[in-house]
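Visitor: The lines below spell out each chain.
Number of protein chains: 2
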Amino acid sequence: MRYSQLFGKTTKNAPADAESVNAKLLTQGGFVLKQMAGVYNYLPLGLRVLTKIQNIIREEMNTAGAQEILMPALTQEENYDTTGRSNLEILFHLEGAGGSKFVLNQSHEEVVTPLVQTYSFSYRDLPVAVYQIQNKFRNEPRAKSGLLRGREFNMKDLYSFHTSEEDLNTFYEKMQGVYFNVYQRLGLGERVVLAFASGGSFSRYSHEFQALSDVGEDTIFLCKKCNVAVNKEIIDEHNFCPQCNNVDLVPKKAIEVGNIFKLMTRFSEAFGFKYTDAAGKVQPVIMGCYGLGPSRIMGTLVEIFHDDKGIVWPETVAPFKVHLVVLGADVEVAEAAEKLYVELKKKMVEVLFDDREKASAGEKLSDADLIGIPYRILVSKKTLAEKSAELKERTGAAARLVPLSRVAGELS
Amino acid sequence: MRYSQLFGKTTKNAPADAESVNAKLLTQGGFVLKQMAGVYNYLPLGLRVLTKIQNIIREEMNTAGAQEILMPALTQEENYDTTGRSNLEILFHLEGAGGSKFVLNQSHEEVVTPLVQTYSFSYRDLPVAVYQIQNKFRNEPRAKSGLLRGREFNMKDLYSFHTSEEDLNTFYEKMQGVYFNVYQRLGLGERVVLAFASGGSFSRYSHEFQALSDVGEDTIFLCKKCNVAVNKEIIDEHNFCPQCNNVDLVPKKAIEVGNIFKLMTRFSEAFGFKYTDAAGKVQPVIMGCYGLGPSRIMGTLVEIFHDDKGIVWPETVAPFKVHLVVLGADVEVAEAAEKLYVELKKKMVEVLFDDREKASAGEKLSDADLIGIPYRILVSKKTLAEKSAELKERTGAAARLVPLSRVAGELS
Chain A
3 MRYSQLFGKT TKNAPADAES VNAKLLTQGG FVLKQMAGVY NYLPLGLRVL TKIQNIIREE
63 MNTAGAQEIL MPALTQEENY DTTGRSNLEI LFHLEGAGGS KFVLNQSHEE VVTPLVQTYS
123 FSYRDLPVAV YQIQNKFRNE PRAKSGLLRG REFNMKDLYS FHTSEEDLNT FYEKMQGVYF
183 NVYQRLGLGE RVVLAFASGG SFSRYSHEFQ ALSDVGEDTI FLCKKCNVAV NKEIIDEHNF
243 CPQCNNVDLV PKKAIEVGNI FKLMTRFSEA FGFKYTDAAG KVQPVIMGCY GLGPSRIMGT
303 LVEIFHDDKG IVWPETVAPF KVHLVVLGAD VEVAEAAEKL YVELKKKMVE VLFDDREKAS
363 AGEKLSDADL IGIPYRILVS KKTLAEKSAE LKERTGAAAR LVPLSRVAGE LS
Chain B
3 MRYSQLFGKT TKNAPADAES VNAKLLTQGG FVLKQMAGVY NYLPLGLRVL TKIQNIIREE
63 MNTAGAQEIL MPALTQEENY DTTGRSNLEI LFHLEGAGGS KFVLNQSHEE VVTPLVQTYS
123 FSYRDLPVAV YQIQNKFRNE PRAKSGLLRG REFNMKDLYS FHTSEEDLNT FYEKMQGVYF
183 NVYQRLGLGE RVVLAFASGG SFSRYSHEFQ ALSDVGEDTI FLCKKCNVAV NKEIIDEHNF
243 CPQCNNVDLV PKKAIEVGNI FKLMTRFSEA FGFKYTDAAG KVQPVIMGCY GLGPSRIMGT
303 LVEIFHDDKG IVWPETVAPF KVHLVVLGAD VEVAEAAEKL YVELKKKMVE VLFDDREKAS
363 AGEKLSDADL IGIPYRILVS KKTLAEKSAE LKERTGAAAR LVPLSRVAGE LS
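Protein sequence lines correspond, in order, to chains A and B. So the first sequence is numbered by the working numbering: it starts at 3 and just counts up by one. So the second sequence is numbered by the working numbering: it starts at 3 and just counts up by one.
Keep in mind the hints are simulated off the structure, nothing from the lab. Just so it is clear, the structure is predicted and the values come from calculations on it, not from any experiment. Some hints here could point you the wrong way.
If several chains are the same, the list does not tell them apart, and a pair holds so long as it fits within one copy or across any two.
For lysine-lysine, the following DSSO-like pairs were computed, each having C-alpha atoms within a straight-line distance of at most 30 Å [what the hints assert, rightly or not]:
| # | residue 1 | residue 2 |
| --- | --- | --- |
| 1 | K276 | K26 |
| 2 | K11 | K276 |
| 3 | K276 | K36 |
| 4 | K383 | K146 |
| 5 | K276 | K366 |
With the hints as constraints, model all of the structure from the sequences given.
Guide: And the structure:
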């Protein structure tokens, strides 16, 4: 992609009401534009990142044997009456033609339970795990954390249906491993720890995946031995490591990047979703749910991976792998950069080519740092004199010259 | 994918309130499940089709130089006050925390205009064409056509911004060609004709892409010479071929599968979106918009391509290319089918493998016809005796034996 033609521009000015580092840098970098508090437009750069995050999550969910479906946002209010959740504070209510009452789903238990019920009657039809990647709506009174807390936000939500609690437990533990694979691929790696949290009305505990970060909104108490934590909200009732009973837990700030719940029969019972077991007996279906928000992940990555110059994207989710910058107005230099751009594209390297004629060297370099693409290649009169380009990693201090003939090979 | 593990099942019973052929067959085939009138859940089979349609559209929009973005559904009502459209009958209104007034976008002129305005100041920033593939919401009083008319539905909407009417016209004509490429790839090919329709308050005419079909809701008047049509709604004021002035127009039923509008300055003026031209003069921005609904296309394909046994998907959007069916309980037959399944997957052939042990031959064959995958491969004791499988196209009457060793090669 040529930067001169890319829709969306970098801006030096932080948005007046940018309430968080992720909102500030993503807006300045031309990734997103705020529509209103908690609601964002994704520009081409931002959509590329979001899509890469979604695809990593999708691949891991498919590998785990879950099947992708797509449920609507708009739903009859009566489904929430069935579960007694129609007065949830964060639920948006709408009136349809003829006075019919609708809501916008803030989560999809009220849709997925009767949906799976339609196709599952016997123990032979279970277990089933389905997921979607879709936008949720929550009537948040305060949405002030950029992409971290939205009124409209993107979510991967997976629901599993089982014949027994043991089967749920097996799948639930497997999903913990799947989630850690996702965080590894997203570049969050070792920062993410499993935290025990409140189980709500469903079960004793739920589990959160918390990315350690000094700017995190959550406080967790970490066992340094087991790398397992307890969320502050339950530390009074559970002040020891759930794994080794160690009572020496260390408070840490963290950003929640996923959570999983054993729903048990909370929703299946509300909808009367039962199955017939091998002995012909009718039994309640046992459920679990597993959330992971791609837009929240995008905000979290920026909160964690940035410096005073801008964003530092992990390579797996960066909008492009290479930021090719041409400096100066020299025709030969422009031609050499153009040739390199074509060559990189031919080798399937994702490259953003800053071919702007009116931008200064300073502007181009600071924009490259702000946007945060992993590899910067510079072509200038000086590098061309050495038949080379300058290669610098976003995270590395030192740049080095690479012969023009070897650049594309080295990066592909 | 193994059919025994696929979420979603075929059903012989048509849904009681299936108001259209597409709703009936897509539900019976296990592609979708109705949530409420005009709102559908997409099961794995249905989501595969929808995604393929979206990807064809995406590729063609990108090739045309448009850039993909993603705008929200939830938006401040005041944006619609600005354009005087907040009392549109089909607009859903919501109240947010603290009494703030929101709407759900039924189209995105009220979002995209100020968005593009944020980044476009001078003639150098224009033209720009951005699009998204996203869900729209319309408070339809009667949503009775399955996927053809939804309260929540998927839409590709593209908006173009120009410095002059001539530039808009050039792009607008180019997009007509792009749309015909899309229909060609979707299997609608020669059925789609360009129809002149009302331009609303924006301009004299808009243009629709109409797929000829006896079950179409629209009536168009077709010039057999030019293959161009006039929508019934404007036939009184325009009763001749717009291309050759032929007055001998033939009434035809058709399904609208896309429409494009010259918006001119209708929305740019409302938002005060102007640019500075080369001479330094401030000028209004000229806009066009281009709609094409993936979910509506999915419904249309079923309306047009089906027979009394079920759906007949065009190969480009079929959920799988091959429907592999194993008949009988013989171990050798099962093993041969299993081997073929693995071989097909290795050759990257998308295959649905009906490996059900409890289903009869009749059930399997009628399910294959209902689901409508282009190629059916049958492995049975009879075919195995000939070291072969039976290959039949969904549209073809005759089946033929193909040696097992050659099946995967022939289909890859």
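Visitor: Since the copies are identical, ignore which copy is meant and state whether K11 and K276 lie within 30 Å (CA to CA) inside a copy, between copies, both or neither.
Guide: Between copies only: 18 Å across, 54 Å inside.
Visitor: Could you place K276 and K26 in one of the four classes (within, between, both, neither) given a Cα distance threshold of 30 Å?
Guide: between (49 Å within a copy, 27 Å between copies)
Visitor: One pair to classify: K276 and K36, alpha carbons no more than 30 Å apart. Within, between, both, or neither?
Guide: between (44 Å within a copy, 21 Å between copies)
Visitor: Using 30 Å as the alpha carbon limit, work out where K276 and K366 are close: within a copy, between copies, both or neither.
Guide: between (62 Å within a copy, 27 Å between copies)
Visitor: Under a CA distance limit of 30 Å, which applies to K383 and K146: within one copy, between copies, both, or neither?
Guide: Classified as neither; 46 Å inside a copy, 66 Å across copies.
When the structure is compared with the earlier hints, a violation turns up for hint 4 alone.
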